[in-house]
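S.K.: Here are the chains, one letter per residue:
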Amino acid sequence: GQQVMQIPQYQHVQEGEDFTTYCNSSTTLSNIQWYKQRPGGHPVFLIQLVKSGEVKKQKRLTFQFGEAKKNSSLHITATQTTDVGTYFCAGPGTNAGKSTFGDGTTLTVKP
Amino acid sequence: DSGVTQTPKHLITATGQRVTLRCSPRSGDLSVYWYQQSLDQGLQFLIQYYNGEERAKGNILERFSAQQFPDLHSELNLSSLELGDSALYFCASSGGTNYNEQFFGPGTRLTVL
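These protein sequence lines are chains A and B, in that order. For reference, each letter of the first sequence is one residue, going 1 to 111 in our numbering. For reference, each letter of the second sequence is one residue, going 1001 to 1113 in our numbering.
For the record, the hints were derived by calculation from the structure and aren't laboratory data. Heads up, some of the hints might be wrong.
Only pairs whose alpha carbons sit at most 25 Å apart, straight line, appear in this in silico DSS-like list of lysine-lysine [as the list claims (entries may be wrong)]:
no. : chain 1 : residue 1 : chain 2 : residue 2
1   : A       : 36        : A       : 110
2   : A       : 57        : B       : 1057
3   : A       : 70        : B       : 1057
Please work from the sequences and hints to get the whole structure.
M.R.: If you want it as structure tokens, here you go:
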């Protein structure tokens, strides 16, 4: 079935540094979603990208969907301790509504 | 608060036993998904139901089964439990205008001793 690969698995940064996680698929995705899971919490939907080359911003977070709709990235500018957690990308599965989650990138931020 | 509820919050049981995890989706959501998350692991999709019918199956073991009832709540049954089944089990629901957006419940932490 369709899979999305996410890198890196872990990222440790100093507070104030930037952070980027990448999501790649071998097949074209009709859409991609990003979720954040805080330590001890549950995944929370951040955003969905649908259009080729789409860029969306949420404060310090920038989400990008590749032109070929096979990759996506999440970039955080000037990380803060509140950004810690695991960031997952999710692509649509073969059935409407089903999502295939990447393995996630766990971000730790050193104050 | 996502609007998705899961019970129980914690479950401790012994190997060989059977347990049932319960999920109530957000009001109006027709789709329910079950995921397994082991320690420091990603989200493993188990199964999806839509309006009472099984829609998609992931890496769900034969010892596991699920169903969605007419009131749309769902139950995940885990039987002949093994130590390796210890994990966090999440339920998510979707069904709004953006049907891909999933709302996750707080999870049930299962410990098999």
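S.K.: Could you check the structure against the hints above and give me the numbers of any it violates, in ascending order?
M.R.: Hint 2 is the one this structure does not satisfy, whereas the remaining hints hold.
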